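Quick mapping for you: the protein sequence lines, in order, are chains A and B. Residue numbers for the first sequence follow this note's numbering, beginning at 1 and rising by one. Residue numbers for the second sequence follow this note's numbering, beginning at 1 and rising by one.
Calculated directly from the structure, the hints in this document are not laboratory data. Honestly, I wouldn't trust all of these hints.
[Claimed, not checked] Each computed DMTMM-like pair below joins lysine to aspartate or glutamate, with the alpha-carbon atoms no more than 25 Å apart:
# : chain 1 : residue 1 : chain 2 : residue 2
1 : A       : K124      : A       : D14
2 : A       : K124      : A       : D101
3 : A       : K124      : A       : E111
4 : A       : K124      : A       : D52
5 : B       : K2        : A       : D14
6 : B       : K2        : A       : D52
7 : A       : K124      : B       : D17
8 : B       : K2        : B       : E27
9 : A       : K124      : A       : D41
Note that this is a predicted model, so its numbers are computed, not measured.
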Amino acid sequence: MTAARRGARVTFVDRVPAALAFVRASARANGLAAVDLVAADATAPALAARFDLVLAAELVYDRAAFPALARALAGYLAPGGRALLADAGRIDTRAFYAELDGAGLAWRAREEPVREEGLPLTVKLVEVAPRC
Amino acid sequence: MKIGDFEATLMHARVGDTTVALWRVAELARHVDRAALLAADEAPEPPYWAHLWSGAVVLATAVPGSPA
Numbered sequence: 001m002t003a004a005r006r007g008a009r010v011t012f013v014d015r016v017p018a019a020l021a022f023v024r025a026s027a028r029a030n031g032l033a034a035v036d037l038v039a040a041d042a043t044a045p046a047l048a049a050r051f052d053l054v055l056a057a058e059l060v061y062d063r064a065a066f067p068a069l070a071r072a073l074a075g076y077l078a079p080g081g082r083a084l085l086a087d088a089g090r091i092d093t094r095a096f097y098a099e100l101d102g103a104g105l106a107w108r109a110r111e112e113p114v115r116e117e118g119l120p121l122t123v124k125l126v127e128v129a130p131r132c
Numbered sequence: 001m002k003i004g005d006f007e008a009t010l011m012h013a014r015v016g017d018t019t020v021a022l023w024r025v026a027e028l029a030r031h032v033d034r035a036a037l038l039a040a041d042e043a044p045e046p047p048y049w050a051h052l053w054s055g056a057v058v059l060a061t062a063v064p065g066s067p068a
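Based on the provided sequences and hints, a complete structural model is requested.
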C-alpha cells in the first residue's frame, strides 16, 4: 500500500480472497481508485507478468515451500528488477537463502531491530536480484 | 463497517514520512476459538492476514520513494 501511495502500479497477491477485500477497502481509504488484486499462492504460476519490484513480508514461513518460493521469485523479476523481503525469522529460514542461490539470485540482508508485543525482534530486510 | 464476514476498523499507520490508512479486522481476540484454546495445545488463531506483522512494517518503511 505504501508503494501504491508513492505512485507505483501495484499488483497485490494473496491466496485468501478475504485478505484482498481488506486490501481493496484500504486502497479506497488511501484515495487509490483501482488496484490489481490476484488471489493466488505466491508460489503458483498464476501471474503471467514480471515486475520491477517485488515486495514480500513474512512470506518465508514454510520450509516445504522454500524451493518453489525461490523459483517463483526468480520468475517474477523483470530484467533489472529486484525484490525486497522482510523475514522476521519465525522459523529457521537459512535454507531459503540457499534456495535463492540455487535459483540464480543474489541477495544481501540487513537487520532491523524492532519490538513486537513489548519484546525485541530482529527483522531481516533482504534485497534480492538476479545474479549478474 | 463489515468487510466480507469480518467487522473492520480503520487505522492509520505511520510509515516514514507518510501515513497509510489500513482497514483491519476489528478485535482480533474475538476470532480466537476459545473452546479449542481450552481443549488443545494449538488452538486455531485469527487469520494470518489479519495481523499487522512486524515484517510488513519494516518492509513498508524500506519501500523506495518512487516507482522502481
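Evaluation of the provided hints:
Between A/K124 and A/D14 the alpha-carbon distance is near 21 Å, which keeps this suggested pair within the 25 Å criterion. For the given pair, A/K124 sits about 17 Å from A/D101 by alpha-carbon distance, which is consistent with the 25 Å threshold. For the given pair, A/K124 sits about 5 Å from A/E111 by alpha-carbon distance, which is consistent with the 25 Å threshold. Note on A/K124 and A/D52: the hinted pairing holds, with a Cα-Cα distance of about 21 Å set against a maximum of 25 Å.
Only pairs whose Cα atoms come within 25 Å are accepted, and B/K2 paired with A/D14 is accepted, the gap being roughly 20 Å. The suggested pairing of B/K2 with A/D52 is violated, with an alpha-carbon distance near 34 Å, which exceeds 25 Å. Using a Cα cut-off of 25 Å, the hinted pair A/K124 and B/D17 holds, with the two alpha carbons roughly 22 Å apart. With a CA separation close to 13 Å, the supplied pair B/K2 and B/E27 stays within the 25 Å bound.
A C-alpha spacing of about 22 Å is found between A/K124 and A/D41, which places the hinted pair at or below 25 Å, so the restraint holds.
In this structure, only the earlier hint numbered 6 is contradicted, and the remaining ones agree with it.
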